[in-house]
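As you go down the protein sequences, you meet chains A and B in turn. In terms of our numbering, the first sequence opens at residue 2 and continues consecutively. In terms of our numbering, the second sequence opens at residue 2 and continues consecutively.
I should point out that these hints are in silico values taken from the structure, not numbers from a laboratory. A couple of the hints might just be wrong.
Which copy is meant is left open, so a pair is good if it fits within one copy or across any two.
Unchecked claim - Derived DSS-like pairs: lysine-lysine, alpha-carbon spacing no greater than 25 angstroms straight-line:
#, residue 1, residue 2
1, Lys543, Lys69
2, Lys69, Lys483
3, Lys462, Lys449
4, Lys152, Lys225
5, Lys462, Lys483
6, Lys516, Lys462
7, Lys516, Lys65
8, Lys434, Lys69
9, Lys68, Lys434
10, Lys3, Lys68
11, Lys152, Lys205
12, Lys225, Lys153
13, Lys68, Lys478
14, Lys502, Lys69
Below are the chains, spelled out letter by letter.
Number of protein chains: 2
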Amino acid sequence: MKLLIIGSVAAGTSVGAKVRRNDEDAVITIYDRDYDISYSGCGIPYFVGGEIADIDELTPRDAKWFKKRHNIDIHTRHEVVKVDHDSKTATIKNLETGETFEDDYDTLVLATGASSFVPPIPGVDADNVFSVRNIRNADAIRSHIEATDPKKAVIIGAGFIGLEMAEQLTYRGIDVTLIERLPQVMPPLDSDMACRVEEHLEAKGVDVLTGETVVALEGEEMVKEVVLESGKRIMTDFVILSVGVKPNVELAKQIGVEVGKTGAIAVNERMQTNVPDVYAVGDVAESFSVITGEAIYRPLGSTANKMGRIAGQVITGEDAAHRGVLGTGIFKAFDLTVAQTGLTERDAIEAGFDVEVLHNIKPDRPEYLGGKEMVIKGIADRATGRFLGAQIVGPQGVDKRIDVFATAITFGAKAGDLFHLDLAYAPPFATTKDPVLYTGMALDNAIKKRARLITPQQLAKRIAAGEKIQVIDTRSKAQFEKSCVDGAVHIPLGELRERSKDFDPASPTVVYCNKGVTGNAAQNVLRNLGFTDVYNLSGGNKNYQTSKRLF
Amino acid sequence: MKLLIIGSVAAGTSVGAKVRRNDEDAVITIYDRDYDISYSGCGIPYFVGGEIADIDELTPRDAKWFKKRHNIDIHTRHEVVKVDHDSKTATIKNLETGETFEDDYDTLVLATGASSFVPPIPGVDADNVFSVRNIRNADAIRSHIEATDPKKAVIIGAGFIGLEMAEQLTYRGIDVTLIERLPQVMPPLDSDMACRVEEHLEAKGVDVLTGETVVALEGEEMVKEVVLESGKRIMTDFVILSVGVKPNVELAKQIGVEVGKTGAIAVNERMQTNVPDVYAVGDVAESFSVITGEAIYRPLGSTANKMGRIAGQVITGEDAAHRGVLGTGIFKAFDLTVAQTGLTERDAIEAGFDVEVLHNIKPDRPEYLGGKEMVIKGIADRATGRFLGAQIVGPQGVDKRIDVFATAITFGAKAGDLFHLDLAYAPPFATTKDPVLYTGMALDNAIKKRARLITPQQLAKRIAAGEKIQVIDTRSKAQFEKSCVDGAVHIPLGELRERSKDFDPASPTVVYCNKGVTGNAAQNVLRNLGFTDVYNLSGGNKNYQTSKRLF
Numbered sequence: 002m003k004l005l006i007i008g009s010v011a012a013g014t015s016v017g018a019k020v021r022r023n024d025e026d027a028v029i030t031i032y033d034r035d036y037d038i039s040y041s042g043c044g045i046p047y048f049v050g051g052e053i054a055d056i057d058e059l060t061p062r063d064a065k066w067f068k069k070r071h072n073i074d075i076h077t078r079h080e081v082v083k084v085d086h087d088s089k090t091a092t093i094k095n096l097e098t099g100e101t102f103e104d105d106y107d108t109l110v111l112a113t114g115a116s117s118f119v120p121p122i123p124g125v126d127a128d129n130v131f132s133v134r135n136i137r138n139a140d141a142i143r144s145h146i147e148a149t150d151p152k153k154a155v156i157i158g159a160g161f162i163g164l165e166m167a168e169q170l171t172y173r174g175i176d177v178t179l180i181e182r183l184p185q186v187m188p189p190l191d192s193d194m195a196c197r198v199e200e201h202l203e204a205k206g207v208d209v210l211t212g213e214t215v216v217a218l219e220g221e222e223m224v225k226e227v228v229l230e231s232g233k234r235i236m237t238d239f240v241i242l243s244v245g246v247k248p249n250v251e252l253a254k255q256i257g258v259e260v261g262k263t264g265a266i267a268v269n270e271r272m273q274t275n276v277p278d279v280y281a282v283g284d285v286a287e288s289f290s291v292i293t294g295e296a297i298y299r300p301l302g303s304t305a306n307k308m309g310r311i312a313g314q315v316i317t318g319e320d321a322a323h324r325g326v327l328g329t330g331i332f333k334a335f336d337l338t339v340a341q342t343g344l345t346e347r348d349a350i351e352a353g354f355d356v357e358v359l360h361n362i363k364p365d366r367p368e369y370l371g372g373k374e375m376v377i378k379g380i381a382d383r384a385t386g387r388f389l390g391a392q393i394v395g396p397q398g399v400d401k402r403i404d405v406f407a408t409a410i411t412f413g414a415k416a417g418d419l420f421h422l423d424l425a426y427a428p429p430f431a432t433t434k435d436p437v438l439y440t441g442m443a444l445d446n447a448i449k450k451r452a453r454l455i456t457p458q459q460l461a462k463r464i465a466a467g468e469k470i471q472v473i474d475t476r477s478k479a480q481f482e483k484s485c486v487d488g489a490v491h492i493p494l495g496e497l498r499e500r501s502k503d504f505d506p507a508s509p510t511v512v513y514c515n516k517g518v519t520g521n522a523a524q525n526v527l528r529n530l531g532f533t534d535v536y537n538l539s540g541g542n543k544n545y546q547t548s549k550r551l552f
Numbered sequence: 002m003k004l005l006i007i008g009s010v011a012a013g014t015s016v017g018a019k020v021r022r023n024d025e026d027a028v029i030t031i032y033d034r035d036y037d038i039s040y041s042g043c044g045i046p047y048f049v050g051g052e053i054a055d056i057d058e059l060t061p062r063d064a065k066w067f068k069k070r071h072n073i074d075i076h077t078r079h080e081v082v083k084v085d086h087d088s089k090t091a092t093i094k095n096l097e098t099g100e101t102f103e104d105d106y107d108t109l110v111l112a113t114g115a116s117s118f119v120p121p122i123p124g125v126d127a128d129n130v131f132s133v134r135n136i137r138n139a140d141a142i143r144s145h146i147e148a149t150d151p152k153k154a155v156i157i158g159a160g161f162i163g164l165e166m167a168e169q170l171t172y173r174g175i176d177v178t179l180i181e182r183l184p185q186v187m188p189p190l191d192s193d194m195a196c197r198v199e200e201h202l203e204a205k206g207v208d209v210l211t212g213e214t215v216v217a218l219e220g221e222e223m224v225k226e227v228v229l230e231s232g233k234r235i236m237t238d239f240v241i242l243s244v245g246v247k248p249n250v251e252l253a254k255q256i257g258v259e260v261g262k263t264g265a266i267a268v269n270e271r272m273q274t275n276v277p278d279v280y281a282v283g284d285v286a287e288s289f290s291v292i293t294g295e296a297i298y299r300p301l302g303s304t305a306n307k308m309g310r311i312a313g314q315v316i317t318g319e320d321a322a323h324r325g326v327l328g329t330g331i332f333k334a335f336d337l338t339v340a341q342t343g344l345t346e347r348d349a350i351e352a353g354f355d356v357e358v359l360h361n362i363k364p365d366r367p368e369y370l371g372g373k374e375m376v377i378k379g380i381a382d383r384a385t386g387r388f389l390g391a392q393i394v395g396p397q398g399v400d401k402r403i404d405v406f407a408t409a410i411t412f413g414a415k416a417g418d419l420f421h422l423d424l425a426y427a428p429p430f431a432t433t434k435d436p437v438l439y440t441g442m443a444l445d446n447a448i449k450k451r452a453r454l455i456t457p458q459q460l461a462k463r464i465a466a467g468e469k470i471q472v473i474d475t476r477s478k479a480q481f482e483k484s485c486v487d488g489a490v491h492i493p494l495g496e497l498r499e500r501s502k503d504f505d506p507a508s509p510t511v512v513y514c515n516k517g518v519t520g521n522a523a524q525n526v527l528r529n530l531g532f533t534d535v536y537n538l539s540g541g542n543k544n545y546q547t548s549k550r551l552f
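So that you can see chain A by itself, here it is in the shape it has in the complex (with noise of 0.2 angstroms):
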């Protein structure tokens, strides 16, 4: 069996390897036309902002460590140039010396990737205009500031990789001013989870520009300009492009390879394509959602991996199956760490489910030995009660919880599953009930109608619409006095029982507190009183306020 795998980062070096694990006796050739193979792109930020001293770090194994260890051959600065399905021949060329070659194969793997987007603006070539994906890049922005000790950079899209270089500039003493066209940072979250991250990242001191598109990039041989439909003029020592990516499927459609709606290949979960014989696998290949089984793009070295062993499997005739992703993703920013798993309030409302949200805020642990708190937006469906995603920010302990979430949504958790999880306690790790536990009770709760939430967005929507909606300060006096919900009436819980009689029962009512455990007490009060309509603020008042800026 002659195997011919075109890319040799995560995804197709995994495919050579399984397939050897499986068959001593194929075949294996992997060509690539850049310079470095199974490197960690997702290091590059930590080693532009010298966190990673020495490039090596990323590109741990070589051409000859892959040769010896698994009898692949792998030649880089060779790029595939044109691939005869019929014949089965690929015809190589040589970038070093110019020469082109054939090679044939029986079974062919595109792990071509993806390539970082340019934006089609003025400047855009200029050699202080760097992109964030490979060693090369990678190499070259960390030369350019050792060599010019810029003091100002300019970062276009706000996405992780612009966030992770946003703090790895400031981290080195360079001002950072970052750019984005939609009207919010992180796009893939949704914007009352976004604002938090932009309110930590104007707080480190970056300046932050959502809502604006980039037309031009200005200066003689280095831009010095940077140049927003606006009007806004940014002065800036060198420009990191970082609005996403595109996957690299010139040779697919060559070869009749289908492309999906997404733009990138289509696969089925046994990493095949339309033409027989032909896989294709990392971040050249479309994904699905373990959700809804809708195709998705989300290109991930750790899925790229994993699309490697499944397609290595496969080829070797194993009983293999991709089964999807929940898009989950995280990335620290100062000192926030920012996770998702699953989908968003906006993903799900798109994709047709009645959703209940909450705005859980909880220590990681207890605050007596350090615990701090975190930011936990759970979206669940009313319809069965499944737990659909979240989003978490917070200072520590994200990286767990958000695992825990991915791992119960793809057994098909309910949020009120959530509850009975026995996690592990101990004061240094968690609280007693930990956040995972209190946000699936708090959502059941919410589903089963038992103790009802709204969001500050959905409240906004409603008094917007001239609804009239009777709103409960339950803090205290001075509480209140500091900042509270627009048109609140300040009734300390231990009132609440009296001073019911002042409000309508069958009218809608929102009580809430800091965050939003009083607001629950108070609400079970009223209900218990008769009161039939009644909500607690998700989050309380502190997320209303962090909300506030979005109505």
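Fit chain B to the given chain A structure using the hints.
Just chain B, lined up with the frame of chain A:
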């Protein structure tokens, strides 16, 4: 509805709070013979060590708070001395005044907790011998330390409280001797994981004496010497008892409530005892295993909270049921986190499973961003593929992985399911193939006999039984010469294809490397060359050398 709850720590107060949330009119009274309510017993070691400055941190709520917040009457220092369940009347003694009185109820909740087991040995009542259970204990230990500036401590019992105390006392500069009757520290772990904890304790300066029984505590007023059955005598300035707890079932027995085989009160999933209108929750009640369904006793604050809430729901007519526990536990011992969930190898064998075992040694994140190795012992059922349990020892990232395993086990995950989890990947948090995924993958390969595993203990046992096993070390010569498996032949992976001719392909063959990955490659080479009975040594030479003290 008149509800009487005996006990005011985690479970009792949870019942009360939940009943109140559902029922404004219930009359709820709690009696407790102790001084403090709703305290965090798990935080006591950290108060003793000084990480928690103020004892009030552990007792955030008092009776006044419960009255104001939940309209619940809590009477501390009031012992329920007798219950007449026919007339539904309790006799209560005010421990401050000595007076007794009666109170009646409709529903009774036994949340009487557990007490420290005090071994019946001479000297145990001396003033410098301390249990670690309640706030008074905590205060007494810290006061004693502050008043007498002790140099030496003996801790009797190496369960998690003993180990947490060993850490905290060492941090205070006290020389600690830890004595355990069983042959290993942390008896709930398998011996091949417990030995790692023991090594670490010794490295941190704790004298660990396992397999030793204390027969007397000697001294005049104060204990000065601890006498062991072996004849050893250990000088000390004070003694900590942490040999476990016993549930306080006296009142339960008085009214005919059934005690289970664990010694705790037998309850159904609704937290009901065999006696109508009598519930039991928290450390006095049995739980049951999510995996086997068998009754088990796992007194823990997190479980107590769950039980309390469930009882409160049931009492007020909600449909709720306890779903059991996995025996998940976690603790910190100096630089190590030690955690487990589900069944140990020993448990699983006892429960009749045909177990597959893997020791997976992997960093929690890339080493270039500070990743450090953890050891995961994963256990799965060969018959069904079900993942049964995990034990993890490592410096960081352990709490996350144990919670992911606990969640997966809860939903009945098979080992092969774990590889497919879409966990959150970014270099500051995880590797592209998270240790959880790798654990599931390797166990699945072993179960499907694609890559069989053998543990060091299994290998030693088979060799000791006289079986002829070919053992091949595939590492470098230098590594082999430094330490190797007894009787191993050295053949580096690169020479294995050639030199495999010297071995009998039909005989049992064990290959290994340092941790397991190259061993797996060697195993594939031999299998593809026609070897029919090849094992990869679980956890490689690294695990073998650590386990060696066990055989």
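Same-copy or cross-copy closeness of Lys462 to Lys483 [CA-CA at most 25 angstroms]: within (24 angstroms within a copy, 71 angstroms between copies)
Indicate which option fits the pair Lys434, Lys69 if close means a Cα-Cα distance not exceeding 25 angstroms: within, between, both or neither. Only across copies: Lys434 and Lys69 sit 22 angstroms apart there, 51 angstroms inside one copy, limit 25 angstroms.
Please sort Lys68 with Lys434 into within, between, both or neither, judging by C-alpha distance up to 25 angstroms. between (51 angstroms within a copy, 22 angstroms between copies)
Intra- versus inter-subunit Cα pairing at 25 angstroms for Lys502 with Lys69: Answer is between; shortest inter-copy Cα gap is 20 angstroms, intra-copy 82 angstroms.
I want to check one pair: Lys152 and Lys205. Are their C-alpha atoms no more than 25 angstroms apart within a copy, between two copies, both, or neither? within (16 angstroms within a copy, 46 angstroms between copies)
Intra/inter-copy verdict for Lys69 and Lys483 if alpha-carbon distance must be at most 25 angstroms: between (68 angstroms within a copy, 24 angstroms between copies)
At most 25 angstroms between alpha carbons: which applies to Lys152 and Lys225, within, between, both or neither? within (12 angstroms within a copy, 67 angstroms between copies)
Under a CA distance limit of 25 angstroms, which applies to Lys225 and Lys153: within one copy, between copies, both, or neither? The answer is within: 10 angstroms in one copy meets 25 angstroms, while 68 angstroms across copies does not.
Intra/inter-copy verdict for Lys543 and Lys69 if alpha-carbon distance must be at most 25 angstroms: Answer is between: at 24 angstroms across copies they meet the 25 angstroms cutoff, but 58 angstroms inside does not.
Within a copy, between copies, both or neither: where do Lys516 and Lys462 come within 25 angstroms Cα-Cα? within (21 angstroms within a copy, 58 angstroms between copies)
How do Lys462 and Lys449 come out at 25 angstroms by Cα distance, when the copy is not named: within, between, both, or neither? Result: close within a single copy only, 23 angstroms intra versus 56 angstroms inter.
With 25 angstroms as the alpha-carbon cut-off, assign the pair Lys516 and Lys65 to within, between, both or neither. between (57 angstroms within a copy, 22 angstroms between copies)
Checked against the numbered hints given earlier, the structure satisfies every one of them.
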